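In short: position in the sequence shown from 1, add 1341, done, that's our numbering.
Derived from the structure by calculation, the hints contain no laboratory data. Don't take each hint at face value.
[Claimed, not checked] Here are the simulated lysine-lysine pairs, DSS-like style, with alpha carbons at most 27 angstroms apart:
1) K1370 to K1574
2) K1491 to K1574
3) K1473 to K1527
4) K1581 to K1525
5) K1473 to K1370
6) K1359 to K1543
7) K1518 to K1498
8) K1491 to K1529
9) K1575 to K1359
10) K1473 to K1543
11) K1581 to K1359
12) K1518 to K1574
13) K1529 to K1473
14) K1574 to K1527
15) K1625 to K1644
Keep in mind that this is a model prediction, so the values were computed, not measured.
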Amino acid sequence: MAHEYDNAFRTMENDCPKLLIPLVNEVFKTNYSLESPIELYPNEQLITSPEDKQMIRITDSNFVIIGSSEDRYHIECESNPDSNELQVRIYQYDMQVALYGHTFIEDIMHVEFPRTAVLYLRHNDNTPDTLKICIHNEDDVLQREIQVIKVQQYTLKEIFDKNLFIILPFHIFVHEKELSLYNKDKNKLNELIHEYEYIVGKLNDLNQVGELTSLEKYCIITSMRSVLGLIAKKYNKVIKEADRVMGGEILEYEAKTIYRNGFKNGELKGELKGELKKGLQAYKNCIERGMSKEDALAISELKEEDISKELS
């Protein structure tokens, strides 16, 4: 099941990479602008095992943020903190990433490891604040510190204050041990549902003032539903009531599919030039799916006059 949680994180990274910037600022104490360009790189890494076998491993993220310099980052999403194997995997991943970006200066090869962090969805009293990897070379020792993010330590207020929207889908882990009780106790369940209503309301407000795009909002809500469906799969009442809050928001479609179809159709026809054309195709896809005009405008992020002008 851990891979399914990884998938939720990768989905948000791939579809809404700007959500990574506040997380990087929080973990690495950087100060990137939310408008800083981000370049995503392939997550598939060819790893050689101790038995000299080659295998493909998938990292959860591999990206560069372009500020005053180009800094590469690697963030892993892990559901449990009790495996030393993670440090082995991180070393393998980071070594491959470093090799891909190697340079030669005056016949000397230079490799630079990415800045790396682990996003722990669960933690316990023994979970460290950093993971350490020591690389021994004759008399020299290089110690790498891997930053640790403990999702459950962040309150909803902190998440919204710091724009850490990318960890919102995993906030449900705070309630993991109480899900059985919520499924039996209507009053307790209502407390959880009120929390989801608060989250969705805040996301709507941020979308209205332009701090979140429609795609980002729907991607977050879709990921929240996905993670809840995994962690609460034994508790039908919990899923049903939470889905009532979130399901109405995404109207039984995924915004990313609408966007991708818009881009793909436009590329095939050779008609899309610029953001307005892309938005127009997204609008048409929404209408074809039976959505209302208002919802289609929200997803395509166009104004009514744009539609009237282009279709006239």
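State the violated hints by number, sorted upward, taking the hints as numbered earlier in the document. Violated hints (numbers, rising): 1, 3, 9, 10, 11 and 13; every other hint is consistent with the structure.
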